[in-house]
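Given chain A, put chain B in place with the hints provided.
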Amino acid sequence: MPDCTSLLYFWGRKSTKKLNLKVNIFATLVEVKRYVLVGYYSVKAECNSRSEVDVFFKRMYEDPELKDEAIRLRYWITKIGNEIGGDPDYFRDERLCNAFPPPIEISHEYIGLRLYCYIINENLVVLYNGGKKIGNPAEKCPNVKHHFYNAQSWTKQIRELEIESNGTIITNLKELEFRY
Amino acid sequence: MEESYFDKIEQDIKKEHTFFVDFGFDFAKQVKYVLSIHPTIKTQKDLAIAMGKRESEISKMLTGLHNLTLESISKMCGVLDYDLILTDIKAQHKYNSHLVSVGAAESHNYYILNINITVQVYNVLPAGTVGGLDFLNEYLHSSFMQPIAISSDGRQILS
Numbered sequence: 006m007p008d009c010t011s012l013l014y015f016w017g018r019k020s021t022k023k024l025n026l027k028v029n030i031f032a033t034l035v036e037v038k039r040y041v042l043v044g045y046y047s048v049k050a051e052c053n054s055r056s057e058v059d060v061f062f063k064r065m066y067e068d069p070e071l072k073d074e075a076i077r078l079r080y081w082i083t084k085i086g087n088e089i090g091g092d093p094d095y096f097r098d099e100r101l102c103n104a105f106p107p108p109i110e111i112s113h114e115y116i117g118l119r120l121y122c123y124i125i126n127e128n129l130v131v132l133y134n135g136g137k138k139i140g141n142p143a144e145k146c147p148n149v150k151h152h153f154y155n156a157q158s159w160t161k162q163i164r165e166l167e168i169e170s171n172g173t174i175i176t177n178l179k180e181l182e183f184r185y
Numbered sequence: 031m032e033e034s035y036f037d038k039i040e041q042d043i044k045k046e047h048t049f050f051v052d053f054g055f056d057f058a059k060q061v062k063y064v065l066s067i068h069p070t071i072k073t074q075k076d077l078a079i080a081m082g083k084r085e086s087e088i089s090k091m092l093t094g095l096h097n098l099t100l101e102s103i104s105k106m107c108g109v110l111d112y113d114l115i116l117t118d119i120k121a122q123h124k125y126n127s128h129l130v131s132v133g134a135a136e137s138h139n140y141y142i143l144n145i146n147i148t149v150q151v152y153n154v155l156p157a158g159t160v161g162g163l164d165f166l167n168e169y170l171h172s173s174f175m176q177p178i179a180i181s182s183d184g185r186q187i188l189s
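Protein sequences, first through last, are from chains A and B.
Our numbering numbers the first residue of the first sequence as 6 and each following residue consecutively.
Our numbering numbers the first residue of the second sequence as 31 and each following residue consecutively.
Please note that a few of the clues may not be correct.
With a straight-line cut-off of 20 Å between C-alpha atoms, the simulated SDA-like cross-links for lysine to any residue are [stated by the list, open to error]:
#, chain 1, residue 1, chain 2, residue 2
1, A, 63, B, 82
2, A, 179, A, 84
3, B, 59, A, 117
4, B, 59, A, 89
5, A, 137, A, 168
6, A, 179, A, 63
7, A, 84, B, 84
8, A, 63, B, 37
9, A, 72, B, 47
10, B, 105, B, 82
11, B, 62, B, 84
Hint data in this document are derived by calculation from the structure and do not stem from the laboratory.
For reference, chain B alone in the conformation it holds in the complex:
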């Protein structure tokens, strides 16, 4: 059977190709989303005015004909007042901020886990139960009755 070049060329796709395509695609989606929820900057034209640029320049920035620089990304974040790039580390801080401190004892800070603003209640698990966030996430969708407290690293049920 003849070798398929459709398959052969797929094997030549490198990480740099996928990152290039995915980043540009994700970034433009993010900007489109922010424009849809922004109170005043709704279109690329509005964004151009806010950034003091021509609409064609903004269009080029978002379509890759013009290299996106750190400076231009930062300026865009500034006028939109929105962080367009969320790294793993920033995400951890952003979502950990939902942990609300309810007290401290010994060397632990106790928290109730806030998910989507409302407090989720869970069955009390035995004190000393240890697990990762994945382990705790198993309980997020169940209907439980009592709150739990977990340690500040999210790994141990405290009470």
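This is chain A alone, in the form it adopts within the complex:
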């Protein structure tokens, strides 16, 4: 059964009529994993069972052509979480937000995947969704453009939230809500 957000996307794309859907779907931040230096969070729509980053890795895991790159990208998440911290030098700049993998000067390998994210501070990173980037710029790439736009929108909203934290933990997690 498709989740509510992908159905919305399907209708929006396939309909030949101009739809003016005003559907309020809310999202929250959920904790994904805490490492020594970084606590990773992700965005979860209220009607979805998985967070955005879990949707991303599920899609990569099930695609034999992308799985190996996804494993390498996943190791970077662990390495930054345990050894480096939320240092912007180790992330790609994506306008308002950031992305994995690190720039090639640091990763030393070509990884075509993009996992959009947002560095709240050196101890807190929010992981979004992404895909295999096949065109430049991201806004024109059919695989990642909607993830890119979502990442910009969520980052803008998260910046306006009053996040209270203690190291790698967001302490007022349940109070934080924004539009999906």
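What follows is chain B alone, placed relative to chain A:
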């Protein structure tokens, strides 16, 4: 509860993935460090000139778009006059060279352990005390008054 693919894919990370990422990361950090302390070769451009290559080639070597070969690593070490790869065995020789011989008796060579060039002084421990380097390291940060002599393998306090 649904299985987390974020966790599941982490379990698929193999040693070859971690070694690949860590080696490239550590090697580039090492080169960056050497460039920061080198008297004449300060930038990738300087390194390119010294190696007789284009700057873009050096950039590719350090970013993994171009496979780093033993030949290119060796050439880099040569122009920098710096060993960019320190193995366990080389490290043992490098740091054991700080042991300064002060005499020999019977079958043992006696040394005073030099740490960071200055001589550390320690309390005299009973002769015949045996322990590994970890055991001896326990005494490195204390304020002791008299030197000790240890055997050449670093395992026995001699006097």
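Of the numbered hints stated previously, which ones are contradicted by the structure, given in increasing order?
1, 2, 3, 5, 6, 7
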